[in-house]
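Those protein sequences? They're chains A and B, same order as listed.
Heads up: the first sequence begins at 0 in numbering that gives the first Met the number 0, then just goes up one per residue.
Heads up: the second sequence begins at 0 in numbering that gives the first Met the number 0, then just goes up one per residue.
A portion of the hints provided could be inaccurate.
Pairs count within a copy or across copies, as identical chains cannot be separated in the list.
Claimed, not checked - Here are the simulated BS3-like cross-link-like pairs (lysine-lysine), alpha carbons at most 25 Å apart as the crow flies: (1) 241 - 423; (2) 384 - 16; (3) 400 - 85; (4) 285 - 400; (5) 336 - 148; (6) 90 - 384; (7) 384 - 101; (8) 34 - 24; (9) 16 - 241; (10) 57 - 275; (11) 106 - 294; (12) 384 - 158; (13) 393 - 85; (14) 24 - 241; (15) 400 - 64; (16) 106 - 400; (17) 171 - 336; (18) 423 - 16; (19) 400 - 78; (20) 384 - 24.
Hints listed in this document are in silico derivations from the structure and should not be mistaken for laboratory results.
The lines below spell out each chain.
There are 2 protein chains.
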Amino acid sequence: MKINKYPQREAWPELVKRPVLQREKLTELIADIFKEVERNGNQALLDLNKKFDGVEIKSIKVSEKEIENVESLISNELKDAIQQAKNNITKFHASQITETEKIETTKGVVCWRENRAIEKVGIYIPGGTAPLFSTVLMLAIPAQLVGCKEIILCTPPDKNGNINPAILYTAKLCEITEIFKTGGAQAVAAMTLGTESIPNVYKIFGPGNQYVVAAKEFAQNYNVAIDMPAGPSEVLIIADEKAIPEFCAADLLSQAEHGSDSQVIFLSTDETIFNKTIEETEKQLKVLPRNELAKEALENSHFILLNTIDEALEFSNLYAPEHLILAMEDFENYIPKIRNAGSVFLGNYSCESAGDYASGTNHTLPTNGFAKNYSGVSLDSFVKKITFQNLSQKGLQNLGKTIEIMAEAEGLFAHKNAVSVRLKQENERI
Amino acid sequence: MKINKYPQREAWPELVKRPVLQREKLTELIADIFKEVERNGNQALLDLNKKFDGVEIKSIKVSEKEIENVESLISNELKDAIQQAKNNITKFHASQITETEKIETTKGVVCWRENRAIEKVGIYIPGGTAPLFSTVLMLAIPAQLVGCKEIILCTPPDKNGNINPAILYTAKLCEITEIFKTGGAQAVAAMTLGTESIPNVYKIFGPGNQYVVAAKEFAQNYNVAIDMPAGPSEVLIIADEKAIPEFCAADLLSQAEHGSDSQVIFLSTDETIFNKTIEETEKQLKVLPRNELAKEALENSHFILLNTIDEALEFSNLYAPEHLILAMEDFENYIPKIRNAGSVFLGNYSCESAGDYASGTNHTLPTNGFAKNYSGVSLDSFVKKITFQNLSQKGLQNLGKTIEIMAEAEGLFAHKNAVSVRLKQENERI
Numbered sequence: 000m001k002i003n004k005y006p007q008r009e010a011w012p013e014l015v016k017r018p019v020l021q022r023e024k025l026t027e028l029i030a031d032i033f034k035e036v037e038r039n040g041n042q043a044l045l046d047l048n049k050k051f052d053g054v055e056i057k058s059i060k061v062s063e064k065e066i067e068n069v070e071s072l073i074s075n076e077l078k079d080a081i082q083q084a085k086n087n088i089t090k091f092h093a094s095q096i097t098e099t100e101k102i103e104t105t106k107g108v109v110c111w112r113e114n115r116a117i118e119k120v121g122i123y124i125p126g127g128t129a130p131l132f133s134t135v136l137m138l139a140i141p142a143q144l145v146g147c148k149e150i151i152l153c154t155p156p157d158k159n160g161n162i163n164p165a166i167l168y169t170a171k172l173c174e175i176t177e178i179f180k181t182g183g184a185q186a187v188a189a190m191t192l193g194t195e196s197i198p199n200v201y202k203i204f205g206p207g208n209q210y211v212v213a214a215k216e217f218a219q220n221y222n223v224a225i226d227m228p229a230g231p232s233e234v235l236i237i238a239d240e241k242a243i244p245e246f247c248a249a250d251l252l253s254q255a256e257h258g259s260d261s262q263v264i265f266l267s268t269d270e271t272i273f274n275k276t277i278e279e280t281e282k283q284l285k286v287l288p289r290n291e292l293a294k295e296a297l298e299n300s301h302f303i304l305l306n307t308i309d310e311a312l313e314f315s316n317l318y319a320p321e322h323l324i325l326a327m328e329d330f331e332n333y334i335p336k337i338r339n340a341g342s343v344f345l346g347n348y349s350c351e352s353a354g355d356y357a358s359g360t361n362h363t364l365p366t367n368g369f370a371k372n373y374s375g376v377s378l379d380s381f382v383k384k385i386t387f388q389n390l391s392q393k394g395l396q397n398l399g400k401t402i403e404i405m406a407e408a409e410g411l412f413a414h415k416n417a418v419s420v421r422l423k424q425e426n427e428r429i
Numbered sequence: 000m001k002i003n004k005y006p007q008r009e010a011w012p013e014l015v016k017r018p019v020l021q022r023e024k025l026t027e028l029i030a031d032i033f034k035e036v037e038r039n040g041n042q043a044l045l046d047l048n049k050k051f052d053g054v055e056i057k058s059i060k061v062s063e064k065e066i067e068n069v070e071s072l073i074s075n076e077l078k079d080a081i082q083q084a085k086n087n088i089t090k091f092h093a094s095q096i097t098e099t100e101k102i103e104t105t106k107g108v109v110c111w112r113e114n115r116a117i118e119k120v121g122i123y124i125p126g127g128t129a130p131l132f133s134t135v136l137m138l139a140i141p142a143q144l145v146g147c148k149e150i151i152l153c154t155p156p157d158k159n160g161n162i163n164p165a166i167l168y169t170a171k172l173c174e175i176t177e178i179f180k181t182g183g184a185q186a187v188a189a190m191t192l193g194t195e196s197i198p199n200v201y202k203i204f205g206p207g208n209q210y211v212v213a214a215k216e217f218a219q220n221y222n223v224a225i226d227m228p229a230g231p232s233e234v235l236i237i238a239d240e241k242a243i244p245e246f247c248a249a250d251l252l253s254q255a256e257h258g259s260d261s262q263v264i265f266l267s268t269d270e271t272i273f274n275k276t277i278e279e280t281e282k283q284l285k286v287l288p289r290n291e292l293a294k295e296a297l298e299n300s301h302f303i304l305l306n307t308i309d310e311a312l313e314f315s316n317l318y319a320p321e322h323l324i325l326a327m328e329d330f331e332n333y334i335p336k337i338r339n340a341g342s343v344f345l346g347n348y349s350c351e352s353a354g355d356y357a358s359g360t361n362h363t364l365p366t367n368g369f370a371k372n373y374s375g376v377s378l379d380s381f382v383k384k385i386t387f388q389n390l391s392q393k394g395l396q397n398l399g400k401t402i403e404i405m406a407e408a409e410g411l412f413a414h415k416n417a418v419s420v421r422l423k424q425e426n427e428r429i
């Protein structure tokens, strides 16, 4: 932990810097994987599954039978929990559906926007230590709500060639169209290029290791869109004198356990709360199953004592945290001052885990300072907003002259002429 | 023109292919320019202005005096036209401001979203033959509406070191914060890195040549966002028997005059209209000032006769045009069938130029098939949507168990503990 009391303003830019990731240059490796998947399709995926994960499977696609059987592998308790989370996530994302409002900008000129689902989307869910079935909910629910026609999912199989039951169960519950046993960069390549089994998609969502991240970036060369740029997860907590150190420590650690590159920042205006939270963090850390990861993350993290909440908010806006927790009772007045953040948790009972799993908000959020210029995943991430316009004859009469003058001033005479031929014809008719 | 009557379905994928751009590998050149701007700031910009455009200027920043004087350089007629366009664009974009709706997803769990402006945005406006002051309106108006704090503009000076008056006038009218005389990749580098005069920004908007496009892509390595991937402009027209060939031809040519890499597609279900439109296009082309560019563009373009409007819409959805014109009277029923398009123009009097300049919709749109997975520029492009949540003690009681079960199933015990410490404390109080 890096502890800092009342740092000078000049020191802030250094304090808000993210740990620089020593990423290998993966472009060549990724390009090779894309080439192999393009050339050999499914067989490339089977070969790469074997090569990278040591798993031999016969079929890339998860069978109907596997999907049917999964019901029996999940406890009723977990089923109920997933269902409550699904209900909340559905409710919150459904509220983002906007009505089309037609605007008559000039008499006879009517403009509006309509949403259209991105027709084919791909979801990547990593394997590894944490089976992120919650991410299946976060990505499949908005895709379903807007009516994406194809929603496919790729995730690596385990050593026995099976997919984690909770991931499979959630995918089934969310009516994902097809599920495939393939992970890593090759899965992203398959969703980009298509294979005999896997359809190519228009947009790829989901987290992953550095190979997956590099592959998603590379996929953009093939005109595929991605959810957002990647980075390690982070939380910033602002605690006043009403904060509860035990809660703050638990929230800091729930972020820190994500991985050794996670970052947590604790800002407080109250020295007692500040010191107690540091103590509590060390205490809770000891009994945590993933404490090795959390410990490493904490080493990169800052505990900073500041003079006022306003100052803390300024610091936070400069840092632009993925998750921001206002650990205070009187948070209302500070909401308008939040300018850069991914998702904000208000008050002592709004822990980050609530948003990670079940409150209804999306947990796919901008990290690494991207909260300055990107939003988290929402319904918007799965649609295009198409503009429409209809000009009546009268409408074009009202607007035509303006268009002609502007087009001529830009030296674009065919643009002008598209109006002139229409106005001329009207005059002839009159 | 490539004329095709009733092509087989199997031929469609070939017909919707964009002309492949022979882009040079610019990465190294762009990286060098970024390095030079990083090292030498303003001086690098002055040197590169001289090197690439042969222009020597003393100061990068447009002075107050230049801005004041521009009023006298613009005709009243053009001023009025720009004002009408500004009113309409403002009206349409203001209608996109959405209300915050708070959703109680579970009793005691309240979630909502709020918009926050991206604080610092940069607009690039190219020089060259067409002074695109209309693009200033399209980008500065939504930035103003959402309240971006800094809105800067870069555009190259002419041989005399001046900025095109119409661009300057429009920038002034839209209250752009600062205007700079610099163009090309170096302008993008300056907005990314900042110089003594030019502030670095969080998102860069605007069109440009291949150097600007490559520089915008490169800027993303510095965590700067960009408006959307670039590509040449395009229009697809669907004409039924009520279409007016003279209008269709004028619309095709207004797209074709953008540049030799523009693409126009004409689909019709009526052979008479089809043939007449081809004739008209050739006729109007002859008298066009920019007919060399338009002629080249037409060579890459398709005129295709099809059996039904439904079939034409399917073709259009596969092509995913930037601009789609339904040149027919009875367009209402076809709107729901449009799945991929940037902006749609309905009926015989809705010419593309209307949307390019003054109807109110934005003209910064996805090209090159990106209408399958990207929206055009709108108010959304200038904001982040931040999610907020507040759980009361009761709210966490109602949701806590679900979070604990899910976190445990993902193996994330600190996530679980963040809930447990809060529930435990409640129990102790009871």
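Structure-based check of all given hints:
When the C-alpha separation of residue 241 and residue 423 is checked against a cutoff of 25 Å, the pair qualifies only between copies, where the shortest distance is 18 Å, while the shortest distance within a copy is 73 Å. Taking the closest pair of Cα atoms, residue 384 and residue 16 come within 25 Å of each other only across two copies (23 Å); inside a single copy the shortest separation is 35 Å, beyond that limit. Within a single copy, residue 400 and residue 85 get their C-alpha atoms only as close as 54 Å, which misses the 25 Å cut-off; across copies the closest is 15 Å, which meets it. Proximity of residue 285 to residue 400 under the C-alpha cut-off of 25 Å is restricted to the inter-copy arrangement: shortest distance 24 Å between copies versus 74 Å within a copy.
Taking identical chains as interchangeable, the C-alpha atoms of residue 336 and residue 148 lie at most 25 Å apart only when they sit on different chains, with a minimum of 14 Å there against 40 Å within one chain. Taking the shortest alpha-carbon separations for residue 90 and residue 384, both the intra-copy value of 21 Å and the inter-copy value of 17 Å come in at or below 25 Å. For the homomeric pair residue 384 and residue 101, the shortest alpha-carbon distances inside one copy (14 Å) and between copies (23 Å) are both at most 25 Å. In this homomeric assembly, residue 34 and residue 24 come within 25 Å of each other (Cα to Cα) both inside a single copy, at 17 Å, and across copies, at 20 Å.
Neither within a single protomer nor between protomers do residue 16 and residue 241 lie at most 25 Å apart by alpha-carbon distance, with minima of 28 Å and 62 Å respectively. For the homomeric pair residue 57 and residue 275, neither the shortest alpha-carbon distance inside one copy (55 Å) nor that between copies (58 Å) is at most 25 Å. When the C-alpha separation of residue 106 and residue 294 is checked against a cutoff of 25 Å, the pair qualifies neither within a copy, at 65 Å, nor between copies, at 36 Å. Taking identical chains as interchangeable, the C-alpha atoms of residue 384 and residue 158 are never at most 25 Å apart, the minima being 43 Å within one chain and 41 Å between chains.
Taking the shortest alpha-carbon separations for residue 393 and residue 85, only the inter-copy value of 20 Å comes in at or below 25 Å, while the best intra-copy value is 50 Å. Taking the shortest Cα distances, residue 24 and residue 241 never come within 25 Å of each other, neither inside one copy (47 Å) nor across copies (58 Å). For the identical chains of this complex, residue 400 and residue 64 are neighbours neither inside a copy (66 Å) nor across copies (31 Å), given an alpha-carbon limit of 25 Å. In this assembly of identical chains, the alpha carbons of residue 106 and residue 400 lie at most 25 Å apart only when taken from the same copy (14 Å versus 57 Å across copies).
When the C-alpha separation of residue 171 and residue 336 is checked against a cutoff of 25 Å, the pair qualifies neither within a copy, at 41 Å, nor between copies, at 29 Å. For a Cα distance limit of 25 Å, the shortest separation of residue 423 from residue 16 qualifies neither inside one copy, at 62 Å, nor across copies, at 36 Å. Taking the shortest alpha-carbon separations for residue 400 and residue 78, only the inter-copy value of 12 Å comes in at or below 25 Å, while the best intra-copy value is 64 Å. For the identical chains of this complex, residue 384 and residue 24 are neighbours neither inside a copy (36 Å) nor across copies (33 Å), given an alpha-carbon limit of 25 Å.
Of the hints listed earlier, those the structure fails to meet are numbers 9, 10, 11, 12, 14, 15, 17, 18 and 20, in rising order.
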